[in-house]
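Enquirer: Sequence:
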Amino acid sequence: MADTQKKEAPKKDAPAKKEPPAKKDVVSKSTPPKDAAKDVKNDGKKSGNVKRGGKLSKARPTGKMIGRKAQPKSKTPKEGEQPKAPGAAGEGVPTKLPAVPESVLKRRKRRDIVRKQKIAVALRKSVGAKRRRAEIFKRAEKYIREYRQRERDEIRLARQARSRGNYYIPGEAKLAFVIRIRGVNQVAPKVRKVLQLFRLRQINNGIFLKLNKATINMLRICEPYVTWGYPNLKSVRELLYKRGFAKINAQRIPITSNKIIERKLGGRNIICVEDLIHEIFTVGKNFKYVTKFLWPFKLNTPTGGWRKKTNHYVEGGDFGNREDQINKLLRKMV
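Just so you know, we're using the UniProt record's numbering here: the sequence shown kicks off at 1 and counts up by one.
Incorrect hints may appear among the rest.
[As the list claims (entries may be wrong)] Computed list of lysine-lysine pairs in BS3-like fashion (alpha-carbon distance at most 27 angstroms, straight line):
| id | residue 1 | residue 2 |
| --- | --- | --- |
| 1 | K174 | K247 |
| 2 | K130 | K210 |
| 3 | K118 | K210 |
| 4 | K292 | K332 |
| 5 | K130 | K190 |
| 6 | K118 | K138 |
| 7 | K292 | K242 |
| 8 | K259 | K247 |
If you are wondering where the hints come from, they were derived from the structure by calculation, not from laboratory data. Remember, it's a predicted structure, so these values are computed and weren't measured experimentally.
Assemble the whole structure, with the sequences as input and the hints as a guide.
Expert: Following this line, the structure appears as structure tokens:
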């Protein structure tokens, strides 16, 4: 009994033992975590490896797999997706283009150089054409002012002479227009030679002529075969604009642009039709070159016909000098 009582004696409260601090999960480098081990097992299963005796071994091929190679599944393109080309990237086909032959590269380079040169030339031409056009307008304005001033001077001198009770006699004409009116039958050799020098080889041919002692004597020799007079500015302008032809390489070429004139007479500062008109009307220093440049004018028979070719103009005929009345005749023939 005493023993049992001793045993049943109440025990004193023992001091509470301190619990050790919780250990942090430390992953050892040598042992992989459980999740990693699971992944390894799954990878082994997917790749056909089986764990046997703690080691991974390759699975044996089944009867279906023997003698066959695994074929990749063909992916069907989704809606709105274009199928890839067989040479597209990622399919083992090289995407790099083949090298361009050297001859092709040289040809391209030559073409680029020629194209750049053409563009530069066209640009220079357009700039030059604009400048030339502006210069032509300036010259035309200057010539018009000169012609008007000459007319005013003539009127002023005539008024002054009339106010003083005198007569105004204008200066001698320097320019004449000669027209051939008869053919080649029964023509004397001397007359024929003069007509050849004047370049009047056909009926109704006409030329501009500078009047001096020599040309006046030649006109007297061939007078029965030609009619001539003193043209005004309007007649000169109409002849050049309506009947003007150039003589280039012994060919009769119509004057359709100023480039034709500039190409032939540009060295003598004559670049347009207005320059030709001014040089002829004023009988300038380049008159000889301008008349050589122009082909003889081919005119029509005057409306109403000729009156009488065998008589002089002052006798009611047609040949000879008709002075200012040549302008009235030219209106009928141009």
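Enquirer: Now tell me, hint by hint, if it's right for this structure.
Expert: Evaluated hints:
no.	hint	verdict
1	K174 <-> K247	holds (24 angstroms)
2	K130 <-> K210	violated (35 angstroms)
3	K118 <-> K210	violated (46 angstroms)
4	K292 <-> K332	holds (25 angstroms)
5	K130 <-> K190	violated (51 angstroms)
6	K118 <-> K138	violated (30 angstroms)
7	K292 <-> K242	holds (18 angstroms)
8	K259 <-> K247	holds (14 angstroms)
Taken one by one, the earlier hints fail for this structure at numbers 2, 3, 5, 6, listed in ascending order.
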